[in-house]
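Participant: Listed below are the residues making up each chain.
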Amino acid sequence: MLKKYLAIYRYMFIRSLQFRTELAIYVVLDVLPFFVLLFMWQAAFAGKDVINGFTLPQITQYYFLVMFIERVTSSYFENWRSTEIREGKIDYFLTRPFSYINEILSKDLGGKVVSLLISIPGLLAAMVLMSLIIPVEPLTITAIHATVFAGFLILGYFMQFCIALWIVLLTFWFEGSAGLEHFKWISVTLFSGAMIPIEFTPEWLQKIYAVLPLKYIFAVPINYIQGNILLTPRLGLEVFFSFLLMVGITKILWSKAVYRYSSAGG
Amino acid sequence: MTDTPLISVKNLSKHFKVYKKQPGLWGSIKSLWHREYETVKAVDGISFDIHEGEIVGFIGMNGAGKTTTLKMLSGLLYPTTGTPSVLGYNPWERKAAFQKQFALVMGQKNQLWWDLPAIETFHLNKAIYEIPDEQFEKTLNKLVKLLDVEDIIQIQVRKLSLGQRMKCELIAALLHNPKVLFLDEPTIGLDVVMQKTLRDFIKAYNKEFGATIILTSHYMDDVKELCERAIIIDHGKKIFDGKLQDIIDKYARNKILSLVFSKSVTKKDLAAFGTVKEFSEDGTHYTATLLVARKEAATTASKVLSKLPVVDVTIEEPPIEAIIREVFSKEKAKK
Ligand SMILES: Nc1ncnc2c1ncn2[C@@H]1O[C@H](COP(=O)(O)OP(=O)(O)O)[C@@H](O)[C@H]1O
Ligand SMILES: [Mg+2]
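Heads up: the sequence lines are chains B and U, in that order.
The numbers in the numbering used here rise by one with no breaks, and the one at position 99 of the first sequence is 95.
Counting from 1 along the second sequence, just add 346 to a position and that's the residue number in the numbering used here.
What you were told as hints is all true, and nothing was included just to trick you.
Straight-line Cα separation of at most 30 angstroms, DSSO-like style, residue types lysine-lysine; simulated pairs: (1) U:Lys446 to B:Lys252; (2) U:Lys441 to B:Lys103; (3) U:Lys491 to U:Lys525; (4) B:Lys103 to U:Lys505; (5) U:Lys366 to B:Lys85; (6) U:Lys505 to B:Lys108; (7) B:Lys103 to U:Lys455.
Derived from the structure by calculation, the hints contain no laboratory data.
Pulled out of the complex, with its shape left as it was, chain U reads as follows (with noise of 0.2 angstroms):
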C-alpha cells in the first residue's frame, strides 16, 4: 500500500437544477412563459481518500447520492464544487489513459448493446480498448469460467435474465484489466444466490488483481462481506467513514428473527427471546419478528426452535435504513 490516495475527493458537489412541472394542462401553458425551477443537492460537500487495493462500501438509502458520485470520478458528470482526482488524473477530461484503468458497472443500466450478444460487445470493447489479443482470449476464457456463463455469451442480450446480464455487463468492464472499478449496486434485483456469485466473484478479482473497488448498495450483506470500510452517505453527505465493523458494533447490536410458527404462541412466550418488533396471527398464519442481540443471533434461534413450534426461521441484517437512521441520530447528537 502507498501513501498518496488512489482516488482523493475533497468537497465534491453537485447540483441539479430541475424544473418543476406543474400538473394538469394549464400548468404545461404556464410552463411555456414562466418556470419554476429547484435547486437539488444530490451530493453536497463530500470528501474521502481511497488507498490502492482498498474495497470501500458506498452505502446510503435511495437519492442519497451514491449513484451521482460514482459519476463524477468516472468524468459523467461535471461536478458543481470540488475536482476528485482518481489514478492522479481529473475524470472530467477524460483522457484515454485513464480511461483505459477504469470501470463503471451499473445494476440499473444496461451497457451492453441490447440487440446483440454479448460477445459481439466485449469484441467491441476489445477494439476501443486496443486490447492484445492474447491478454482478450485469456481474460475472457478466465472470466467465462468463472462466471459460468459459456451458453449466454453467444445470445442476444435482451433475452437474457436480469443476473445473466449483470455477469455479462461485469465481463464486459473487467476484459481491460481495470485497476479501478465502480460498482453501482451491482447485485441490486438478484435473488440470494445470484447476489452471493457475484460477490465472491467480485472479491476474487479483488484479490487476484489487486484492484481497487467502490461498491454501492442499500443491502447490508453486500457491503458486509466485500467491505473492510464503508462510507455511509445521506441527502448527499457523508456520515460516517470508517471500519464497517464498527458500524455493525456500534450501530447494528441486533438481528432479525424472522420465525413462522404452526400454532399460536403468546408475545409473553416471544418476549424472553428478544424484543418483539412484529407479531401477527389471524387464525391460520402465525409470524413475528424479534430483535435478537448479534452475537446470541445463533444460539437464540436454536433455543426458539427447540421451545416453540416453530416451522421456518430465518437470520437477517436489520435494513439499511435502520442503521442509517440509528447512525444519523447517534452522529448528531455527538455534534
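In isolation and in its complexed conformation, chain B is listed as follows (with noise of 0.2 angstroms):
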C-alpha cells in the first residue's frame, strides 16, 4: 500500500517540477506586502520604545515568523481544482483506486517539496537584507523548540490544505470559488494572527480568534518559538482535536460533494 503511494507521489513530483518559473516570481510577490507592511510599522514605531508591550524588534521578528509560516504551510490550488471539478475533469480519478483528495494533496505536496528547496534560501537573503534597515530580536532556539515548531508547521500545512479543500469541495454547490477564495483569505488572516499579533486587535475580535482553530496554524507556533507559551498537554490536545475536527468535515464534505458531480462532457 505504502508502496503505491509513492510511486505516485513521485509522479506528482516529477509534474510539479514544471512549473519552477512561477515559483520564483510567486516568492518575490508573497514577500513584498510583508516588507511594506514593516516599513509601516517603523513609521509607527517612530518616537515611541514600545507598543501594546511590543518594541520594534519584537514585531519585525513576529513578521518574519509569519512569513516564513506562510510560505511553509499555505496552499493555493482552490481556482483551479474548482474549474477542474466545473469542467468535470476529475472522473480519471472518479473511476480508479486512487483518492481524488489524494490527489490533490500529492500534487500539492510534492509542489511545495520544489517550492521550498526554490524559496527558502531566498527567503532568508530577503531577511537577512531587511535585518540591515530595520532592527530584528535574535531568537534562540533549542532543538526541542526547533522539533516542536517542526510539527507545528506540518500541521499548519494540513490545516490550510483542508481550508483551501473546503473552498474547492463548495463549488460542488456554488457556481463560482473566487468569492469563496476571498472570503479564506480574509478569515485566515484576520483570525489565525497572520495579519497583526492579536494583541492589537478589537476584543470581539479576539473573542472569535479564541474560538476558532486558526490560531494555531500562525500565532501559537510563533508564540512558541518565541517562548511566551509552553506546550503544555492541554495545548497539544486541543491542536490535535482541532484538527481531527477539520479532518472530519473534510470527510463529511467530501461524500456529500460527490453526489453533485455533473461530469460535464463526453
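Take the two lone chains and join them into the complex the hints point to.
Facilitator: Now the structure itself:
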C-alpha cells in the first residue's frame, strides 16, 4: 500500500517540476507586502519604544516568522481545482482506486517540496537584507523548540490544506469559487494572527480568535518559539482535536459533494 | 456463459436540473434573484442485463443518454432512480475491488496527462492499479505492438493526433486487464482506416480476455462489426434491445449507393436501379444517391457501373438517425 503511494507521489513530483519559473515570481510577490508592512510599523514606532508591550525588533521578528510559516503552510490550488471540477475533469480519479483528495494532496505536497527548496534560501536572504534596515530581535532556539515548531508547521500545512479543500468542495454547490477564496483569505489572515499580533486587535475579534483553530497555524507556533507559551498537554490535545475536527469536516463535505458531481462533457 | 448477468440495470434514470439562463445583461441581472430550472431527463427508466463476454452496442442519436448511462455504470454519476449492478458491485460505492476490474474510455474526453508523454500515464496507472512489474511489461509490450504506437508513447500527449491519442487512451485503460470495458464513442472523429484499426483491436481484446464490453456509437459500422446485440436509446428511453441483425433486417433493408457521373444522366435511368434519394447536376458535376435493397447492393452497384458513365461509387450503411426513426415509428405503431 505504501509502495503504491510512494510511486504516485513520485509522478506528482515530476509533474510539479514543470513550474519552476512561476515559483520564483511568486516568492517575490509573497514577500513584498510584508516588507511594506514592516515600513509602516517602523513609522508607527517613531518616537515610541513600546506599543502594546511589543518593541519594534519584536514586531519585526513576529513578521519574519509569519512570512516563514506562510511560505511553508499555505496552499493555493482552489482556483484551478474548482475549474477542473466544474469542467468535469476529475473522472480519472473517480473511476480509479485512488482518491481525488489524495491526488490534490500528493500534487500539492510535491509542489510544496520544490517550492520550498527554491524559495526558502531566497526568503532567508531577503530577511538578512531587511535586518540591515530594520532591527530584529534575535531568536534563540533549542533543539526541542525547533522540533515542536516543525511539528506545528506540518500540522499548519494540513490545516491550510483542509481549508483550501473546503473552498474547492464548496464549488460542487456554488458556481464560482472566487468569492469563497477571498472569504478564506480574509478569515485566515484575520483570525490566525498572520496579519497582526492578536494583542493589537479589538476584543470582539479576539473572542472569535479564541474559538477558531486558525491560531494554531500562525499565532500559537510563533508564541511558542518565542518562548511566550509552553506546549502543555492541554494545548497539544486542543491542537490535535482541532485537526481531527477539520479532517472530519473535510470527509463529510467530500462524501456529500460527490453526489453533485455532474462529470460535464463527453 | 453464466446465468447471472454481469451487468444488471433496472429502471435506471438520471435527471439533471439545469438552470435556464436568460440571454443578455438584463437576463443576467434578473437571474441574481430569480432562476428558472428545467429538468432534463437524460436517462429515463432504462433496464437491461448483460452477460459475461458479450459486446453490446448502445446506439442512439446525440443527446440520447448513452454517455450518461455509462457514467452511472462507472460510478461517476449518482442515479436519480435505480441501482445498477456491475460485477456484483454498486458502482457508486467506488470500491477499489470493483474499480480494478473495469475501465471507461471516452472518445471525447481525454484521460491521459496532457503535458506528459503517454508512457507516464501508463506508469501512473501501474502504480494506481498496483499492477505487478511483469504483467505490466507484458501487457504494455503486447498492446503497443498491436496498435503500433512504439514511437508515439514518448511524445507529449497534446502533440498527438486524435487517432494516436485514442490508441494511447485504450492502452492506458487496458493495462490492468479489465473484465468490463465501457467504450464511449471510441471512434468518433477518426478516419475510416483508424476506425477499422480500433475496431479490430477491440474485437481481439474481447476474444483474448473474454471481456464484457459496452460500446456506444452513432456509426452503424462500428456496431455492425463488433456487436451481435444492440440496444437503441432515444430520449433517455430504450426503444430496442436485441439482435443487431434483426434491426438491420427489419429497419435497414436498404443501403445507400453514392454515385458520381462524368456525364449527365436522367432520373429515369437511375430509377431503374433503386429509389432515387438525391439527384443533382449543375453542368459540371453530376451526383446522385440511391437507396437499394441491402442484399442486392453489390450486384446493383456493378450493374450501374456497366450501364452508366460512373466515375465514383460508394456503398454505405444508412445513417443511424434514419434507422432510429424507422424503429421508433414501427415500434410505436405496434403498441
Ligand atoms: N451534466 C449535465 N447537466 C445537464 N444536462 C446534461 C448533463 N449531461 C448530459 N446532459 C443532457 O442529457 C442528455 C443526454 O446526454 P448524453 O448522455 O451525453 O447523450 P449521448 O451520449 O447519448 O449523446 C442531453 O440532452 C444532455 O444535454
Ligand atoms: Mg455521448
